[in-house]
Each structure stands twice: as C-alpha cells, then as structure tokens.
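J.: First to last, the sequence lines map onto chains A and B. In the numbering used here, each number is its position in the first sequence, counted from 1, plus 1377. In the numbering used here, each number is its position in the second sequence, counted from 1, plus 4.
No wet-lab data here; the hints were simulated from the structure. Don't take each hint at face value.
Stated by the list, open to error - Derived lysine-lysine pairs resembling DSSO-like cross-links, with alpha carbons at most 30 Å apart:
id, chain 1, residue 1, chain 2, residue 2
1, A, K1388, B, K199
2, A, K1388, B, K307
3, A, K1388, B, K225
4, B, K226, A, K1388
5, A, K1453, A, K1424
6, B, K382, B, K225
7, B, K307, B, K340
8, B, K291, B, K375
9, B, K314, B, K244
10, B, K307, B, K226
11, B, K261, B, K226
12, B, K382, B, K371
13, B, K225, B, K248
14, B, K261, B, K375
15, A, K1453, A, K1464
16, B, K225, A, K1453
17, A, K1406, B, K226
18, B, K225, A, K1406
19, B, K7, B, K291
20, B, K314, B, K291
21, B, K226, B, K291
So the chains spell out like this:
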Amino acid sequence: MAKETGVVSWKELALGCTLTEPGTAAQLKTGDWRSKRPVTNYELCNKCGQCYIFCPDMVYSRTAEGYYEANYYYCKGCGICARECPKDAIQMVEEEN
Amino acid sequence: MGKRVGMEVSIAAAEVVGLCDVDVIAAYPITPQTHIVEHLSELVAEGHLDAEFVPVESEHSAMSTCVGAAAAGARTFTSTSSQGYALMAEICYIASSLRLPIVMAVANRALSAPINIWNDHSDMMMARDTGWIQTVAENGQEVVDLLLHAYRVAEDPRVLLPVMVNLDGFTLTHMIEPIWLPDKEEVERYLPPYKPQLRLDPRNPMTFGPVGMPEVYTEAKKAQDEAMNGALPVIVEAWKEFEKHFGRAYQPVETYKTDGAEILLLTVGSVSETAMTAVDKMRSEGKQVGLVRLRLWRPFPAKELVDVLKQAKAVAVVDRAMAFSTRSGPLCVEVKAALYDHGVSPYVQNFIAGLGGRDVTVEDFEKMAAKTSEGLAKGLPMGYEIVNVRE
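Pulled out of the complex, with its shape left as it was, chain A reads as follows (with noise of 0.2 Å):
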C-alpha cells in the first residue's frame, strides 16, 4: 500500500473507507502542493517558537540547540511562519522545480 499518497487499488481500501489505525495522516505527504518554502536565517532566530506554535501543519521541530526547524514533507507552503516571525527571520523562497 502506497501510504505516502494514499493511492490504492479500489480492492485495498478498508470497509466504508475506514481508517483502521489511529494517527495514519502523518503518512500522508503533503510538502508537494507547495510552491515557496520557508527559510530560516538562524543568525536572526531568537528561538522564540512563534513558528512552532503558528504552525497549521506540525511542521517545526525543537533541535537540541534550541532552534526549529522545518520538516518539509509535511510543509504546505502556507506562509503562516513567515508571517509570524518577530524577527523577520523567515524567507518564503520560491521551489525551483
């Protein structure tokens, strides 16, 4: 089963469409409808987390120095971050392809 994309055969597909296991979402990719990524400048990071707790998606994780970072198979390029940042410390940078 394609679990990345959810592309299954109709014969696959759980009674009703019923998702037998809690938390499969987070197999879903969803970094592929973006068209800009965001771009932390960690030299103007505070590590306030505005971007961790904004975030639609769950997209930011705490590293161990403190700094988040963003996974970008979840990112949907929604912008909200860059937005947020206090410190204008995220770029909205176009995806080359």
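Chain B: place on chain A using the hints.
T.: Chain B alone, transformed into the frame defined by chain A:
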C-alpha cells in the same frame, strides 16, 4: 410459534422491529409514518423493548444518530416519509458510503409542492442513487417479512449496506390487516446477532468518514458499486432462507399469470394487488395479459427483469413518480436501459399513475393494457402518458 393477528400495518412494522432486538431507534414523526415511530416509542417506554429511543429534532438528526450508533456497533432503526426523507437524504449517502447496516422503513408519500401527504413513490425514487438497498412491500405481511429480511441482509458480512423497506403511505401504513407475526425464537433463528466488522471503540481507535482526496474517491465509489452488485445474490439467498423458516417466498422480480402473456404490466408496491385483480378480469375475458412486480428496486435486478419481460410483445410500465423532462417515469427509464443492454426490444408504453394519492383502479389497469395492445397493433410510437390527468 408466531401468531396471526389483526393489526394496523404500522403497528406490526414496529412490533417486528422490536422482535429484531434493535439497540437504537432515532426517528422524527411525519405523516404517514407516525404510527410506526409512536408504537416503537411506546414499546421502549413501557419496558417491552430494551433499546434507546432518541426523540430527535429532525430527520437529519435521526439519520445522523443512526449513523453514529451503527458505527459504534448498534443495531439501529429509523423510519420516515417524503419531506422527512428529503431532509435526511444528505446523511443517507453517508450511511451507505460508510457501509453501516441501518434499516429504515419509508412510508412512501408524495414530495412537495404542492404539499401533499398522500401516497406515491417520489421519495423512493429520490432515494434511488443513495446506495441503499431498497425492497418494496405490497401488503402488511410483506412489510413484516421484508423488515426481518432487511436486518439479515444489511448485517451480512458480504453486504454491510443500509436497507430501506418501502411501504405505501396510508394504503399500507393505516390498514388493519391479518398478519402472521413471528415470535422471538423464530426471529432469533433467522436473524443472527449483529457482529460489526469495524466499529468505533476507544480501546481500538479508528476514523470513520475521513476525507477522500481525488486519489481515493473514485476507488471508494467503485468499491461501493461492487458492494451493491454483490448484495443481489445475498438478498436472494436471505429470501430463500426466509422461505425455509416462514414458508413465504420472495424474489427480486415476481410474476402473476405471465404464462403466454403478450402484454405485461409492470408495477411496484401496493397497486400490484389492484393490478392482479385487473389481470384476473382480463384473463377471464381471454386477453393475454400478465403482471410483473418489482420487489427489489436497489440493487436493480436488470437481468432478472429482462428475463421475464422478454417473453412479451409489449410492456406497460407503471410509474408512480415524475422524472421531469425525460418523457418517462424513473422506473421506465431504467427498464428501457436494461432492455437495450440485453438486446431485447418489446414495445414499451409508460404510464404515470397514482401521483399524490390519486387512486389507481382496476379499470385504469384495463385501460393501460388496452392502450398498450392498441399501440402495439397499430405500430404507434412508444411514449408515456400521465393517467387520468385533466386537460
């Protein structure tokens, strides 16, 4: 042993639902379904039936409650009519798509406007593409039998689809008829306890009704279509089992005096009994007329229907609802498609009759047969007419 009772059909319907040991009933009263729901409410309130009766604020909520309860593994029941069905329809699609074996009795009634509480098949036809199995009763005994059959079919692990049992408003719901009511043991022998394949349970979390992206929606609908097609042999099997248990036989397509018939009338529901009387009369006059009655509306038994219709030279299809601008009733549209698909082409005349409670009499059926016979003999163009409409 069961017992023979003189009982209003609605009360008998409620009694048999009670015998099926339902867990949750959610319904909103609407004419002419009201007595079914009232009696179930009484059965629960008086302690005869150990079930939750949820007095919801609308039919939309009634079906929503049944969906939730069925997803949690409960045996559920609801009932409605006409406008109530229309309000409920949004959730009816969800019930079938989630493969929940809800059973619903629909007391068939015309749709507004003009507002009309009397019988026709507008609601049944509105429901045709909701993915529900639909059976149709012609008398009170059949209502009882088909409700019992409905639970057995719906909950069969090979089916798991909701079932709608259609009974004509007033002409069935409000009649007092002699009915064999089974007893609890007989019902239990025919209807095993419901064992859900998947259910909502906090100890084993699942998501019912997740979003279906374009990558999955088509496959979901294909799976549902296959489930409906696959239900047909199980429906027939459950009727054969029913006959073994109770001695009464049912089939997707039933016939009356069709041997050697040149003209076949095709009817659905309680008007079939009037049509039988008309066929008796015409046969006694030497006319080669027979009757075909559609017992199963969904899944549509196209092959079974064609197998019966192909022996005749002409077919008079009697519709009891409108399908505006198609120059045909909704039943006739599908009958013609089935005939075409099977390469059979009898002369087909369509009659739209009995709208909004207007009586369809023996004489009306005689006229329909005569017009069809005349059209066949003279080679008149096939078409449709609204019976007895005042010009």
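J.: Holds or violated: B/K226 with B/K291, Cα cutoff 30 Å?
T.: Violated. B/K226 to B/K291 sits at ~46 Å, over the 30 Å cutoff.
J.: A/K1388 and B/K199: Cα distance at most 30 Å?
T.: 22 Å, holds
J.: Is it true that the CA of B/K307 sits at most 30 Å from the CA of B/K226?
T.: This hinted pair holds, its Cα atoms lying about 21 Å apart.
J.: Decide if the proposed pair is consistent with the structure: A/K1453 and A/K1464, CA atoms, cutoff 30 Å inclusive.
T.: 22 Å, holds
J.: Please verify whether B/K261 and B/K375 have alpha carbons no more than 30 Å apart.
T.: The given pair, whose Cα atoms are some 20 Å apart, holds under the 30 Å limit.
J.: Check whether the Cα positions of B/K382 and B/K225 lie no farther apart than 30 Å.
T.: 45 Å, violated
J.: Please verify whether A/K1406 and B/K226 have alpha carbons no more than 30 Å apart.
T.: 24 Å, holds
J.: Would the pair B/K226 and A/K1388 pass a check requiring their Cα atoms to be no farther apart than 30 Å?
T.: 9 Å, holds
J.: Take the C-alpha atoms of A/K1388 and B/K225, compute the straight-line distance between them, and say whether it is at most 30 Å.
T.: At roughly 11 Å apart (the allowed maximum being 30 Å), B/K225 and A/K1388 satisfy the hint.
J.: Given the proposed pairing of B/K291 with B/K375, does the C-alpha separation stay at or below 30 Å?
T.: 13 Å, holds
J.: CA of B/K7 to CA of B/K291, is that 30 Å or under?
T.: 40 Å, violated
J.: Do the alpha carbons of B/K382 and B/K371 lie within 30 Å of each other, as the hint requires?
T.: 16 Å, holds
Hint violations for this structure: numbers 6, 11, 13, 19 and 21, all remaining hints satisfied.
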